[in-house]
Amino acid sequence: MQNPSVSDFEKDLALREQDAICVNESKLEHRWYHNLKYVVVGLLFGIVFIKAEIVSWYRIQEMFRLQSFHMYGVIGSAVAVGLISVLLIRRFNIRTIYGEKIVFHPKEFNKGNVIGGLMFGLGWAITGACPGPLFAQIGSGATVIAVTLLSAIAGTWTYGYFRDKLPH
Amino acid sequence: MKIIEWLSQPWPWYVAGPLIGLTVPTLLIIGNKSFGISSSMRHICAACMPANIKFFKYDWKKEIWNLFFVGGIGLGGFLAMLLLPNPHPIQIDSRLSAQLASYGITEISGLVPQDLFSWEQLFSLRGLLMMVAGGFLVGFGTRYAGGCTSGHAIMGLSTLQWPSLVATISFMAGGFLMANLILPHLLKLG
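Chains A and B supply the protein sequences, listed in that same order.
Sequential numbering of the first sequence, starting at 3, is according to the numbering used here.
Sequential numbering of the second sequence, starting at -7, is according to the numbering used here.
One chain only, chain A, in its complex shape (with noise of 0.2 Å):
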C-alpha cells in the first residue's frame, strides 16, 4: 500500500461512512503529530461540557422532564452556530488550512435513524450522558463511569456484529 489508488481511498471512505456523520474527508496524509490540534479543541470542547455542566446527570434529567431551558439552550444556540457557520463555508468556499476543499456528504435516510434513536435516548436519560461528556467525565474523576464507557464501546461491537441482520 505505498501509493493506494483513488478507487481504494473511495472504498475505504465509503465503509468509513457507513452509519456515521462523523469522518475523516480530508485525502492528504500528514505525520502524527498534526492530530495534536484535534486534542487541543478536544480540550477545549470538555472545559465547555464540565463548565456549562452539560455532563451533568442532573441537567439531562431536568431537560427530558421540562423542569429546565439550559439544555434546550445549549442545543439550540450550538446548532444556530453550526448552522451560520456551514453557510458561511459553503457560500465563500472556505478551504482547510492545507488549502483543501471542504466537503459535506448527505446521509441516506434508514430506520436503523428511527429505531437506534429511540435505544439511544433511552440510554441517555439512564446514564445522563451521550458519548462526549462520558469521556468528560471520566476526566472530571468519576472513574466508574469507564464502566459505562466500557459497556458503550461492547454496545457499538455488538451493534457491528448483528448489523446486517437488524433492520435498515
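Treat the hints with caution; some may be incorrect.
To be verified - Below, a list of computed lysine-lysine pairs in the BS3-like style, where the Cα atoms sit at most 27 Å apart:
1) A:LYS103 <-> B:LYS46
2) A:LYS167 <-> B:LYS46
3) A:LYS13 <-> A:LYS167
4) B:LYS46 <-> A:LYS113
5) B:LYS54 <-> A:LYS103
6) A:LYS29 <-> B:LYS54
7) A:LYS13 <-> B:LYS54
8) B:LYS(-6) <-> A:LYS167
9) A:LYS39 <-> B:LYS54
10) A:LYS167 <-> A:LYS113
11) A:LYS13 <-> B:LYS53
12) A:LYS29 <-> B:LYS46
13) B:LYS53 <-> A:LYS29
14) A:LYS39 <-> B:LYS53
15) A:LYS29 <-> B:LYS49
16) B:LYS49 <-> A:LYS13
17) A:LYS39 <-> A:LYS29
18) A:LYS13 <-> A:LYS103
Everything labelled a hint here was simulated from the structure, so no lab data went into it.
Let chain A serve as the given structure and place chain B on it in line with the hints.
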C-alpha cells in the same frame, strides 16, 4: 485572580451553546473533519477487536484524529475540575431534587449522583442496570442511529440533513419515555 473566579462559576447556555457550535467550522477548517463523537467507539472496536467483522474492517488510522479529539475531551474534563472548580453547591430544580429524595437519592454534588454512580453501587441491581445496561444502550443505539447528539443533532442539523432531524426527534422521544415513565421504576430498586 478575578478572571479565574469568574470562569469558575457555571457558564450560561448562551456562552456554552455557541462555543459548541463553533466546533463544527473549526474541525472542518483545520482538517476537513465532520464533527461527531460516537464514531470514536467504533474506531476503538476496529483498532482493538475487529474480530473479522465487516463493519470494523476499515483503515481506522484514517480516523485516528477522532481518538485524539475524545482524548482531549477527557483531558479538558480533568483540567476544568482541577483549575476551575465550581465554588458553589450545584443548583438543581426543586421538583427534581424532591423527586430524587423520594427515592433516597440525597447526596447531590458533583456531576453524577454518588448514590447512583459509584464503584460501591456498581454491584447492586440498580447500579448494574444504570451503568452497564445504560452504557450498552448508548453504544448500540448511537451506532445503529448513525450518530449521537454531536453527529446528528449538531453536525447533521447544521448541514440541513432531514434524517438527522428524525434521529434527533427519536433521541428526545426515547429520553422522555425513559426519564418520565421507566426511570422512576428503576430508581425504586434502591
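So, going through the hints one by one against the coordinates:
1. The hinted pair formed by LYS103 of chain A and LYS46 of chain B fails the criterion: a straight-line CA distance of about 30 Å is larger than 27 Å.
2. As the CA atoms of LYS167 of chain A and LYS46 of chain B are separated by approximately 13 Å, the hinted pair is consistent with the 27 Å bound.
3. For the proposed pair LYS13 of chain A and LYS167 of chain A, the alpha carbon gap of about 22 Å is at most 27 Å, so the pair holds.
4. Note on LYS46 of chain B and LYS113 of chain A: the hinted pairing holds, with a Cα-Cα distance of about 20 Å set against a maximum of 27 Å.
5. With a C-alpha separation of about 18 Å, the suggested pair LYS54 of chain B and LYS103 of chain A falls inside the 27 Å cut-off, and the hint holds.
6. With a C-alpha separation of about 9 Å, the suggested pair LYS29 of chain A and LYS54 of chain B falls inside the 27 Å cut-off, and the hint holds.
7. Taking the CA atoms of LYS13 of chain A and LYS54 of chain B, the gap is near 13 Å; set against the 27 Å cutoff, the hint holds.
8. Taking the CA atoms of LYS(-6) of chain B and LYS167 of chain A, the gap is about 58 Å. The hint is violated against a cut of 27 Å.
9. This hinted pair checks out: LYS39 of chain A and LYS54 of chain B have alpha carbons roughly 15 Å apart, not beyond 27 Å.
10. A threshold of 27 Å between alpha carbons decides the hint, and for LYS167 of chain A with LYS113 of chain A the separation of about 13 Å falls inside it, so the pair holds.
11. Distance check on the hinted pair: LYS13 of chain A and LYS53 of chain B sit about 15 Å apart at the alpha-carbon level, within 27 Å; holds.
12. Distance check on the hinted pair: LYS29 of chain A and LYS46 of chain B sit about 23 Å apart at the alpha-carbon level, within 27 Å; holds.
13. The suggested pairing of LYS53 of chain B with LYS29 of chain A holds, with an alpha-carbon distance near 13 Å, which does not exceed 27 Å.
14. With a CA separation close to 16 Å, the supplied pair LYS39 of chain A and LYS53 of chain B stays within the 27 Å bound.
15. For a cut-off of 27 Å, the pair hint linking LYS29 of chain A to LYS49 of chain B stands: about 19 Å separates their Cα positions.
16. A C-alpha spacing of about 11 Å is found between LYS49 of chain B and LYS13 of chain A, which places the hinted pair at or below 27 Å, so the restraint holds.
17. Of the supplied pair hints, the one linking LYS39 of chain A and LYS29 of chain A holds, its CA atoms being roughly 17 Å apart against a limit of 27 Å.
18. For the hint linking LYS13 of chain A to LYS103 of chain A, the alpha-carbon distance of about 20 Å falls within 27 Å, and the restraint holds.
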